[in-house]
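Asker: Residue-level listing of the chains:
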Amino acid sequence: MEEPMTDNHNRRTFLKVAGGTGALGLTGLAGCAGNSSNGDGGGDSGGSGDTITLGGSMSLTGDNADLGRLYKDAYQETIDRINESGGVEAGDGNTYELEMVLRDDSTDASTSRSIYQELIDREGIDYLLGPYSSSVTLPASAVAAENEKPMVEGGGASPEIFSQGNEWIFGLLPTANKYAKSYIDMALAQSPTPESIAILAEDGTFSQSTAEGARNKIEQTDLELVVDQTFPSGTSDLSTNLGRVRDQGADVLLLCAHQKHNIILANQMESQGVNVDAAMGTVGSLNDSFKGEVGPNGDYIYGPTSWDINADFEDPVYGGTQDFVAAIEDNYDYTPDYHSAAGEAVIMTFVNAFQSVDELTPTAVRNAIRDSDPFSTVYGDVSFDDSGVIAKNMLIRQWQPEPGLQTVYPSSVAQSDPLYPMPDWSER
Amino acid sequence: MAIAQFVVNGLLVGALFAAVAVGFALIWGVVDIINLAHGEMVMLGGYTAYWLLSIATGTAEGSVLLFLATIPVVVGVLFIVGYALQRTLVSRVIGTDIFLTLLVTFGISIAIQQLAIQAWTANPRSIQVAFADPSMVVGGLVVPKMKLVAFAGAIVLTGILYLFLQRTRTGRAIRAVSQNPEAAALVGIDVEHTRAVTFGISSAVAGGAGAFIATILNIQPQMGLIYTLKSFVIVVFGGVGSIPGALTGGLLLGVVEELTAGLVSSQWTLAVSFTLLIVLLVVKPKGLFGTGADNEH
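Chain order of the listed sequences is A and B. Here the working numbering is used: the first residue of the first sequence is 1, the next is one more, and so on. Here the working numbering is used: the first residue of the second sequence is 429, the next is one more, and so on.
Some hints here could point you the wrong way.
So, partial list: chain B residues that the calculated Cβ filter (under 8 Å) puts toward chain A [unchecked claim]:
(1) F434
(2) N437
(3) V441
(4) S482
(5) A484
(6) E489
(7) G490
(8) S491
(9) Q542
(10) Q546
(11) M574
(12) K575
(13) N646
(14) G690
(15) L698
FYI, nobody ran anything at the bench for these hints, they're computed from the structure. Note that beta-carbon positions come from the ideal geometry of N, C-alpha and C, so glycine has one too.
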């Protein structure tokens with residue numbers, strides 16, 4: 001309209017409003033950041049009669065409640081089965097039942113820290129189950145170290161957790177810097193061999209760790225890094241960066257980001273006419289909800305996973321991976337994913353250590369976990385490197401038009417060969 | 429050529445920013461409220477279109493015409509949402525301390541976000557519009573067809589709003605209330621109703637823009653804040669209460685962000701946008717078109 005809508009706003013009011021809006025905006029942003037944050041872990045050791053208590057905090061309410069439930073159910077199912085079969089025959093000659101104390105931290109770091117400290121101080125728990133999310137696990141692991149209690153976690157994959165010199169934390173997820181390694185190895189094993197690669201990375205801690213791991217890996221190969229761009233997490237348009245990928249003619253594309261950006265990637269690769277031989281999103285690209293949103297645009301896209309539901313690893317409690325899958329499906333009415341399997345392996349890591357020690361103390365159990373030979377669980381072989389991270393690389397899966405999601409790398413567990421190179425958009 | 433491509437990208441997405449911002453500017457000008465829940469209207473518009481298409485096709489996929497058929501419904505639904513919000517909540521704080529109005533609209537935005545998460549989960553979603561060939565090349569520049577449709581849709585929404593305000597009786601009443609509510613009341617205009625209609629229209633246009641955003645980007649419950657912030661910047665660019673200003677500001681912001689992303693890095697887009705905002709406040713505080721932000725009266 002020609003006339004200004006208002007004439008009752010003066011500059012002072014405007015600045016007042018601007019300040020207020022900025023403050024509220026920042027509050028909102030801070031709130032968003034807090035959603036995926038902290039926690040702390042604690043544990044409880046045996047000692048009370050014939051029971052060993054494992055304790056921790058978990059995201060049982062809030063945005064991550066669905067994921068937290070996967071860990072809780074896997075913990076409980078495994079513990080119940082162990083107790084039903086007579087308990088744990090520990091290396092000290094006694095047989096113990098297991099008990100679990102798991103409290104809700106709503107994925108909040110300060111809540112989680114309080115829970116772990118309380119579990120240690122008031123309930124005398126010596127063996128700690130880690131919380132969910134990297135930003136919660138990092139401060140949680142510090143509590144474990146301060147109190148010299150071993151913590152085993154299946155919910156934090158940031159390399160920062162394991163770069164603090166903390167000898168009391170053990171993680172069952174390959175760290176973020178390993179996420180792209182298998183993908184690059186897989187691409188280099190294909191024909192025609194790719195010559196160039198592009199990295200688009202979200203500016204969050206986890207994605208930056210993934211990108212840094214990829215850059216280090218690329219340096220060890222003949223691949224040329226032709227695009228290396230970081231974008232803000234709030235970005236909802238990747239078209240300019242994808243234009244770079246197209247113009248530079250990259251053979252392989254790596255998107256270090258979460259599901260939101262994977263959806264944008266799949267759709268905008270099509271609309272921007274980006275034809276690469278392989279494209280992978282690091283987090284969320286293997287979810288059914290991703291494929292449901294992007295439809296055929298998601299075909300041929302790769303993603304990493306630490307576990308394959310179709311695998312069949314031996315396990316002393318369940319028998320094998322498929323028995324575990326059936327147990328969760330039967331008792332909890334959903335299909336387990338890698339969070340569930342990692343949860344089972346958390347319990348089995350402690351059980352394996354309890355069986356190995358001559359004396360049931362936190363230090364002895366910590367040492368037994370650290371020095372253990374690989375042992376088999378539904379999650380696969382478990383052992384830890386010097387920093388406490390599981391010695392394991394990611395598997396690579398690909399959305400194939402038929403029959404759907406397939407494990408394609410490494411060949412030892414592959415269900416089918418990768419469909420490489422991806423067909424151009426004009427040929428689909 | 430690369431710069432031309434960045435400019436085209438910016439104009440295509442900038443029109444959507446503008447369509448969102450005109451409603452923000454309208455509410456600010458007429459109701460005298462900084463509506464921090466404006467971004468949530470964009471989100472609700474996107475979800476309304478998504479669910480309409482899901483009901484129609486079962487998969488949130490469809491032809492362009494089918495998608496465009498959802499827009500009038502989205503606009504209608506969001507008008508009702510905006511009108512109801514104004515009548516039930518916002519009207520209670522008009523004329524009070526400005527921080528109270530900010531808090532109320534911020535509270536509304538949080539409530540809508542959380543309800544949306546509960547109802548639809550936090551998973552991002554998108555509408556798939558089928559094209560035989562999704563992009564075209566014009567003079568060496570890649571132009572995605574759906575972005576072109578969204579650009580046209582945003583311009584049409586903005587244009588309809590402009591004509592509505594200029595040519596209709598209700599539009600003139602809205603302008604009268606924006607200029608002097610007391611005088612408008614004296615000549616028989618129902619000020620409260622007019623303000624609620626303004627809120628409804630602004631929400632409707634934002635919702636329409638949200639539907640287009642769902643086709644070219646994606647939607648999720650917490651997407652609103654960034655659109656509210658962009659609207660704020662655009663209104664300052666264009667001047668409070670000016671629709672041509674908001675349109676120009678939106679296009680300008682889109683181009684500036686894409687040029688920054690293309691020539692420097694995506695990481696610098698927000699920093700450059702807000703630096704430009706500060707510079708503009710210093711050298712041209714009235715905005716490019718408006719007189720509101722600096723207007724003493």
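Asker: Holds or violated: is there a CB of chain A closer than 8 Å to the CB of G490 (chain B)?
Answerer: violated, 11 Å
Asker: At a threshold of 8 Å, is the proposed contact between M574 (chain B) and chain A supported by beta-carbon distances?
Answerer: holds, 6 Å
Asker: Please verify that hint: L698 (chain B), Cβ, nearest Cβ of chain A, below 8 Å or not.
Answerer: With a closest approach of 7 Å, the L698 (chain B) hint holds.
Asker: Quick check on the hint: K575 (chain B) CB to chain A CB, less than 8 Å?
Answerer: Holds: closest Cβ of chain A sits about 7 Å from K575 (chain B), inside 8 Å.
Asker: Minimum Cβ distance from V441 (chain B) to chain A below 8 Å?
Answerer: At 6 Å from the nearest chain A Cβ, V441 (chain B) passes the 8 Å test, so the hint holds.
Asker: G690 (chain B) was flagged as interface toward chain A. Is the shortest Cβ-Cβ separation under 8 Å?
Answerer: This interface hint holds because 5 Å falls under the 8 Å limit.
Asker: Using the nearest Cβ pair, does N646 (chain B) come within less than 8 Å of chain A?
Answerer: holds, 5 Å
Asker: Is the interface hint for S491 (chain B) satisfied, with its Cβ closer than 8 Å to some Cβ of chain A?
Answerer: This hint is violated: S491 (chain B) lies away from chain A, its Cβ roughly 14 Å from the closest one there, beyond 8 Å.
Asker: With chain A as the partner, please determine if N437 (chain B) meets the hint condition of a C-beta pair closer than 8 Å.
Answerer: Nearest chain A Cβ about 5 Å off; hint holds.
Asker: Should the interface hint for Q546 (chain B) be scored as holding, given a Cβ-Cβ cut-off of 8 Å against chain A?
Answerer: Nearest chain A Cβ about 11 Å off; hint violated.
Asker: Does the interface hint hold: is E489 (chain B) within less than 8 Å of chain A, judged Cβ to Cβ?
Answerer: holds, 6 Å
Asker: Is the interface hint satisfied for A484 (chain B)? The criterion is a beta-carbon contact with chain A at less than 8 Å.
Answerer: violated, 16 Å
Going down the numbered hints, you'll see the structure goes against 4, 5, 7, 8, 9 and 10, while the others check out.
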